[in-house]
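Chemist: Work out the full structure, taking the sequences as your base and the hints as a guide.
Chains as they are written, first to last, in the numbering used here: chain A, 16 to 233; chain B, 3 to 264.
Possibly wrong hints are sitting among the right ones.
[Stated by the list, open to error] Dumping the calculated DMTMM-like pairs for lysine to aspartate or glutamate here, alpha-carbon to alpha-carbon at most 25 Å: (1) B:Lys263 / A:Asp32; (2) B:Lys160 / A:Asp172; (3) B:Lys160 / A:Asp149; (4) B:Lys248 / B:Glu174; (5) A:Lys190 / A:Asp105; (6) B:Lys160 / A:Asp219; (7) B:Lys160 / A:Glu116; (8) B:Lys157 / A:Asp172; (9) B:Lys157 / A:Glu223; (10) B:Lys149 / A:Asp105; (11) A:Lys201 / A:Glu139; (12) B:Lys160 / A:Glu74; (13) B:Lys160 / A:Asp105; (14) B:Lys160 / A:Glu92; (15) B:Lys160 / A:Asp32; (16) B:Lys149 / B:Glu174; (17) B:Lys248 / B:Asp182; (18) B:Lys248 / A:Glu180; (19) B:Lys248 / A:Glu92; (20) B:Lys248 / A:Glu139; (21) B:Lys160 / A:Glu151; (22) B:Lys157 / A:Asp32; (23) A:Lys201 / A:Glu223.
[As the list claims (entries may be wrong)] Chain A is nowhere near these chain B residues, computed Cβ spacing over 10 Å in every case: (24) Val114; (25) Arg120; (26) Leu166; (27) Ala186; (28) Leu256.
Keep in mind the hints are simulated off the structure, nothing from the lab.
Cβ atoms here follow ideal geometry from the backbone N, Cα and C, with glycine treated the same way.
What follows is the residue order along each chain.
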Amino acid sequence: MIQTPAIEIANLMVKFDGKRLIKAFSMCLSPGEKVTLTGRSGSGKSTILRCLLGFVVPEAGTIHIAGKLLTNETVWELRIRLAYVAQEPDLGTGRVQEIIERPFTYRANSRLRENLARIPEFFERFLLPVHLLDKEIATLSGGEKQRVGLITAILLDRRILLLDEVSSALDKTAKLAVAEFFRSRKDMTVLSVSHSPKNFSFSDRVIELPYNYSKGKQ
Amino acid sequence: MNIADINTLNLVAGYLLLIFPLGIILWNRIQIFGQTLLAVARMTLQLLFVGLYLRVVFELNNFWLTGAWLVIMIGVADVSIARGCNLRIGRFAAPLFVSLLAGTAVPLLFFVGLILKRPFLLDARYIIPIGGMILGNCLRADIIGIKNFYEAIQKSQKAFQHTLAQGARLQEAIRPFLRDACQAALAPTVATMATIGLVALPGMMTGVILGGADPMTAIKYQIMIMIAIFSGTSITVILAIWLSIKSSFTAYGLLDHRIFKR
Numbered sequence: 016m017i018q019t020p021a022i023e024i025a026n027l028m029v030k031f032d033g034k035r036l037i038k039a040f041s042m043c044l045s046p047g048e049k050v051t052l053t054g055r056s057g058s059g060k061s062t063i064l065r066c067l068l069g070f071v072v073p074e075a076g077t078i079h080i081a082g083k084l085l086t087n088e089t090v091w092e093l094r095i096r097l098a099y100v101a102q103e104p105d106l107g108t109g110r111v112q113e114i115i116e117r118p119f120t121y122r123a124n125s126r127l128r129e130n131l132a133r134i135p136e137f138f139e140r141f142l143l144p145v146h147l148l149d150k151e152i153a154t155l156s157g158g159e160k161q162r163v164g165l166i167t168a169i170l171l172d173r174r175i176l177l178l179d180e181v182s183s184a185l186d187k188t189a190k191l192a193v194a195e196f197f198r199s200r201k202d203m204t205v206l207s208v209s210h211s212p213k214n215f216s217f218s219d220r221v222i223e224l225p226y227n228y229s230k231g232k233q
Numbered sequence: 003m004n005i006a007d008i009n010t011l012n013l014v015a016g017y018l019l020l021i022f023p024l025g026i027i028l029w030n031r032i033q034i035f036g037q038t039l040l041a042v043a044r045m046t047l048q049l050l051f052v053g054l055y056l057r058v059v060f061e062l063n064n065f066w067l068t069g070a071w072l073v074i075m076i077g078v079a080d081v082s083i084a085r086g087c088n089l090r091i092g093r094f095a096a097p098l099f100v101s102l103l104a105g106t107a108v109p110l111l112f113f114v115g116l117i118l119k120r121p122f123l124l125d126a127r128y129i130i131p132i133g134g135m136i137l138g139n140c141l142r143a144d145i146i147g148i149k150n151f152y153e154a155i156q157k158s159q160k161a162f163q164h165t166l167a168q169g170a171r172l173q174e175a176i177r178p179f180l181r182d183a184c185q186a187a188l189a190p191t192v193a194t195m196a197t198i199g200l201v202a203l204p205g206m207m208t209g210v211i212l213g214g215a216d217p218m219t220a221i222k223y224q225i226m227i228m229i230a231i232f233s234g235t236s237i238t239v240i241l242a243i244w245l246s247i248k249s250s251f252t253a254y255g256l257l258d259h260r261i262f263k264r
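Modeler: Have a look at this one:
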């Protein structure tokens, strides 16, 4: 039986400031597959993740998530199938515990509140001391914030994770812990973005994006 | 009325007080001399026109004329808010008009109809001054609230999108921004209520006292007007934001930056 792809992008074209940033990009991720997008700065790696979330609307092309076409009507239900961790996550203000709990107050996530009981488990797994939960998020280092963003995304229990340079601020041990976790989660589809694919040793495939932006107005 | 009138010669003499601010402006080379003269000229002409017009409106005390006056005041406030917030009037005119109308009319009609029990609900002598005070405060609150709301979302785009990515609906994503905007818009009225009478006698009370009324009557009017203003500002701010959301965000839940004037 042919499985419905977790993510299917066909002939994606994105323009930025009138210049073509992404040109006829296609990609297909099977459920459970781990893929890393790589390429030089400005090749549109992060933009592809933002297209999947409906934060960038492409000029042309189609995006299917779990078999459903992404449009302005389906974006709201498709977003709750995805979890996104940004490179420098702007997690808002407040204590770490509050920051992690906040998305569980949204109607779409309210049934997942029991997952919050696993916070200490994930803190331990990603080498974060539990006492950080009482600290203000602003006092955390970049690597700690990245892991808090990652833990929140995992607790949201989505099947598809979009990771934007999430290990950029992590030390070697923390990178290994993150890689080990994703390697163990066969049910999770992960599309990650990294300037260095070495950061994602758990990936099944690496796709290098060409650099189109400097080719002028198209 | 036993209020002392100001004759034309004395009124002209009153302008002599401008020597102090104009002198300070010139002495310190503050770049608002021309602007100040223009503002004084505008104030004089506008108030003269209003005085003449109100005399006619009060004499006729006609339902339609008073209603038209209110609608014109709301229309002017509508444009002032859009300008003050640097927003495109085309997108905001209708939601602002409705929110100003509701914020002014609800407490005004409650005040005049239920508290003052005026037999004629649109009695020009009550509706116009009290309506003007409520509307003036609604205008100020809307400028603070709307500007705060849209600029905060624009500045916090990353955090806002992060919230959407975590599964928040638009109403859930805007909630903290709405809360902050309402707080900023209502805080000045709350502060005024807390200090009223201690720092200065408010305008309405002064007017009622000058009109020859007992200070206790003036106080009762002032209490009611403050409550009406607070109620009107809260109605107008929340409505202005709610009603403008539909045309200010894309179908993907992102702020449409075209709402801002370049």
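Chemist: Each hint should be assessed against the structure and marked as holding or not.
Modeler: Hints and how they fare:
1. B:Lys263 / A:Asp32: Holds: Lys263 (chain B) and Asp32 (chain A) sit about 19 Å apart, inside 25 Å.
2. B:Lys160 / A:Asp172: With Cα atoms ~22 Å apart, Lys160 (chain B) and Asp172 (chain A) stay inside 25 Å; holds.
3. B:Lys160 / A:Asp149: holds, 24 Å
4. B:Lys248 / B:Glu174: holds, 14 Å
5. A:Lys190 / A:Asp105: holds, 21 Å
6. B:Lys160 / A:Asp219: This hinted pair is violated, its Cα atoms lying about 30 Å apart.
7. B:Lys160 / A:Glu116: holds, 19 Å
8. B:Lys157 / A:Asp172: The hint is violated at about 30 Å.
9. B:Lys157 / A:Glu223: Violated, at about 33 Å.
10. B:Lys149 / A:Asp105: OK: Lys149 (chain B) and Asp105 (chain A) at ~22 Å, within 25 Å.
11. A:Lys201 / A:Glu139: holds, 21 Å
12. B:Lys160 / A:Glu74: holds, 22 Å
13. B:Lys160 / A:Asp105: holds, 6 Å
14. B:Lys160 / A:Glu92: Holds. Lys160 (chain B) to Glu92 (chain A) sits at ~20 Å (cutoff 25 Å).
15. B:Lys160 / A:Asp32: It holds: about 20 Å lies between the C-alpha atoms, which stays within 25 Å.
16. B:Lys149 / B:Glu174: holds, 20 Å
17. B:Lys248 / B:Asp182: holds, 20 Å
18. B:Lys248 / A:Glu180: Outside the cut-off at roughly 34 Å; violated.
19. B:Lys248 / A:Glu92: Between Lys248 (chain B) and Glu92 (chain A) the Cα gap is close to 19 Å, so the pair holds against 25 Å.
20. B:Lys248 / A:Glu139: violated, 44 Å
21. B:Lys160 / A:Glu151: holds, 19 Å
22. B:Lys157 / A:Asp32: Status holds; Cα separation ~20 Å.
23. A:Lys201 / A:Glu223: With Cα atoms ~23 Å apart, Lys201 (chain A) and Glu223 (chain A) stay inside 25 Å; holds.
24. Val114: holds, 42 Å
25. Arg120: holds, 46 Å
26. Leu166: violated, 7 Å
27. Ala186: holds, 16 Å
28. Leu256: Given that some Cβ of chain A is not farther than 10 Å from that of Leu256 (chain B), nearest at about 7 Å, it is violated.
This entry does not satisfy hints 6, 8, 9, 18, 20, 26, 28, going by the numbered hints stated previously.
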